[in-house]
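Engineer: So you can see what is in the structure, the chains are spelled out below.
2 protein chains.
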Amino acid sequence: MGHNIGIIGTGNVAWHLARSLENSGHIISTIYDRNIDKAKKFGLDYFNAVFTNTLDFRNTEATVFIMAISDDAIEEVAQAIILPDNTHLFHTSGTKSIESLGYARTENIGVFYPLQTFSKGKQTDLSRVPFCLEAETESSERILKSLASSISKEYHFVDSRQRAVIHLSAVIACNFSNHMMSIAKGILESNDMNFDLLKPLIAETINKALAIGPENAQTGPARRKDLKTLDKQLHSLESDESLSKIYEVISQHIIDYYSE
Amino acid sequence: MGHNIGIIGTGNVAWHLARSLENSGHIISTIYDRNIDKAKKFGLDYFNAVFTNTLDFRNTEATVFIMAISDDAIEEVAQAIILPDNTHLFHTSGTKSIESLGYARTENIGVFYPLQTFSKGKQTDLSRVPFCLEAETESSERILKSLASSISKEYHFVDSRQRAVIHLSAVIACNFSNHMMSIAKGILESNDMNFDLLKPLIAETINKALAIGPENAQTGPARRKDLKTLDKQLHSLESDESLSKIYEVISQHIIDYYSE
Chain A
9 MGHNIGIIGT
19 GNVAWHLARS
29 LENSGHIIST
39 IYDRNIDKAK
49 KFGLDYFNAV
59 FTNTLDFRNT
69 EATVFIMAIS
79 DDAIEEVAQA
89 IILPDNTHLF
99 HTSGTKSIES
109 LGYARTENIG
119 VFYPLQTFSK
129 GKQTDLSRVP
139 FCLEAETESS
149 ERILKSLASS
159 ISKEYHFVDS
169 RQRAVIHLSA
179 VIACNFSNHM
189 MSIAKGILES
199 NDMNFDLLKP
209 LIAETINKAL
219 AIGPENAQTG
229 PARRKDLKTL
239 DKQLHSLESD
249 ESLSKIYEVI
259 SQHIIDYYSE
Chain B
9 MGHNIGIIGT
19 GNVAWHLARS
29 LENSGHIIST
39 IYDRNIDKAK
49 KFGLDYFNAV
59 FTNTLDFRNT
69 EATVFIMAIS
79 DDAIEEVAQA
89 IILPDNTHLF
99 HTSGTKSIES
109 LGYARTENIG
119 VFYPLQTFSK
129 GKQTDLSRVP
139 FCLEAETESS
149 ERILKSLASS
159 ISKEYHFVDS
169 RQRAVIHLSA
179 VIACNFSNHM
189 MSIAKGILES
199 NDMNFDLLKP
209 LIAETINKAL
219 AIGPENAQTG
229 PARRKDLKTL
239 DKQLHSLESD
249 ESLSKIYEVI
259 SQHIIDYYSE
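These protein sequence lines map, in sequence, to chains A and B. The numbering of the first sequence is my numbering, which starts it at 9 and goes up by one. The numbering of the second sequence is my numbering, which starts it at 9 and goes up by one.
Quick caveat, the hints were computed from the structure, so don't treat them as lab data. Hints are not guaranteed to be accurate.
[To be verified] In silico BS3-like links for lysine-lysine, alpha-carbon gap of 30 Å or less: (1) B:Lys-253 with B:Lys-240; (2) B:Lys-240 with B:Lys-207; (3) A:Lys-207 with B:Lys-128; (4) A:Lys-153 with B:Lys-207; (5) B:Lys-253 with A:Lys-236; (6) B:Lys-240 with A:Lys-253; (7) A:Lys-207 with B:Lys-207; (8) B:Lys-153 with A:Lys-240; (9) B:Lys-236 with B:Lys-253; (10) B:Lys-128 with B:Lys-207; (11) A:Lys-207 with B:Lys-153.
[Said to hold, decoys possible] To spell it out: a stretch of chain B is covered by chain A in this simulated footprint if at least three of its residues, at any positions, have a beta carbon under 8 Å from a beta carbon of chain A; those stretches are: (12) 170-176; (13) 196-203.
Where a beta carbon is used, it is the ideal one built from N, C-alpha and C, also for glycine.
Model the full structure from these sequences, guided by the hints.
Structural biologist: The following block contains the structure:
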């Protein structure tokens, strides 16, 4: 059964979720952004929805409101929003607890957090993205389950503490790994070489980590406790203090990890 | 034209290179390991080759000798090896310079470094693996080119300094990224959650980094300079000093990287 949905926010997460929900038979009827031009572009051009820059939704048909806005704005918007009776308000943040919606004048609050990274323009297949859900009421639990299962094969009910752990692990596994690749690219390019050189190795590294577990796939000088190579590489970075520090603490962590 | 090849070493790199070279029409005629049982198993069971634990190769038919042994052993073996006249000696290390073969009694020395990670048992497709080559003589250059092009579409002649830069960038992009995944897995499991949860996100992160460049794909609290979340996550790690340090230095590096 399709739901009538209002989307609060017009960023990447808003766009990807709204698009997937629409494709799964739900109606995106209302779009809010505090910037009316963004609301208009998003609402009219993409979804043929009503657009607004005020948080009074009493005259809309939506029964579910999904906030896809910056973490810092969630509490403020929850406090200011005026919802029709018996409607639901969910946020999509990995870090904010369900209580951050506590000021909203509805008890039907919840969390609808897709564990994925979204880029502008690049359509992402959400069907295998795990959704982390949390509900305050049984009614919200049913709605969240029906929304998540309509666009993905995988969803989990987790509490706010568990979601914070998941988000932390995602930051380390994904954001930090990605930055390691940026650093490597910079080192290659400042020596007139191309990042393309590393791509087959990176692809195979990830395939291996996902297939046999990263702890079984670890290679390299720190894993081998090859102190000569570690010293040589650290020495080659000595002109860059913060990069040296990164090299040192991660290498030491690898050595200790496999010594235990 | 196929070459007659002797392999010095019986580890992962030795196995994968020997297998690929054999599949490309070369002959693996001799296997050396200082441990005769390993030499026998590798030589007889896998390649139907002569096996030995002495470094005197004057009676063998091989004209190319490839050393796939630990970095620390390269100079010692180069010094001890007795080669037939007019034969070639190459090592496969990312970190050791070509001069580490300088004591060998042949001028035909070189480097045959596959930029890839190898695991026991898991056959790796080498056809898209970049080979980093370096030769001391024109004759060795020809041999290296013919070996590399017979098993891969991509090879580059780089000097020892460039190869050290490539190896450093590979350690950072691959070994360090892999360890980030190990850390994340540990955090999830110590909170009774499963690493599988992160796999779609990790796969998409790497796809994006390879497609649009990691510096354009960066997301997360440090990229957004979301100090509240950074503080909260750092605080949640405070019982683990070395992990806190890793979180701190990488996050700070991301902030600085995008402030420049």
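Engineer: All hints are to be evaluated individually against the structure, with a verdict given for each.
Structural biologist: Hint check:
A hinted pair counts as satisfied when its Cα atoms are at most 30 Å apart, and B:Lys-253 with B:Lys-240 qualifies at roughly 14 Å. Annotation: proposed proximity of B:Lys-240 to B:Lys-207 holds, straight-line Cα distance about 24 Å (limit 30 Å). Under the criterion of a C-alpha separation no larger than 30 Å, the hint pairing A:Lys-207 with B:Lys-128 is consistent with the structure, at around 21 Å. Using a Cα cut-off of 30 Å, the hinted pair A:Lys-153 and B:Lys-207 holds, with the two alpha carbons roughly 22 Å apart.
A distance of roughly 24 Å separates the Cα atoms of B:Lys-253 and A:Lys-236; the hinted pair therefore holds under the 30 Å criterion. As the CA atoms of B:Lys-240 and A:Lys-253 are separated by approximately 23 Å, the hinted pair is consistent with the 30 Å bound. A distance of roughly 19 Å separates the Cα atoms of A:Lys-207 and B:Lys-207; the hinted pair therefore holds under the 30 Å criterion. In summary, the hint linking B:Lys-153 to A:Lys-240 is supported, as the alpha carbons are separated by about 29 Å, within the 30 Å threshold.
For the suggested pair B:Lys-236 and B:Lys-253, the alpha carbons sit about 18 Å apart, so the restraint of at most 30 Å is met. Proposed proximity of B:Lys-128 and B:Lys-207 is supported: the alpha carbons are some 23 Å apart, at most 30 Å. Using a Cα cut-off of 30 Å, the hinted pair A:Lys-207 and B:Lys-153 holds, with the two alpha carbons roughly 21 Å apart. Check result for the region 170-176 of chain B against chain A: holds, 6 residues qualifying (beta carbon to beta carbon below 8 Å, three or more required).
Proximity of the region 196-203 of chain B to chain A, defined as three or more residues with a beta carbon under 8 Å from a beta carbon of that chain, is established by the 4 residues found.
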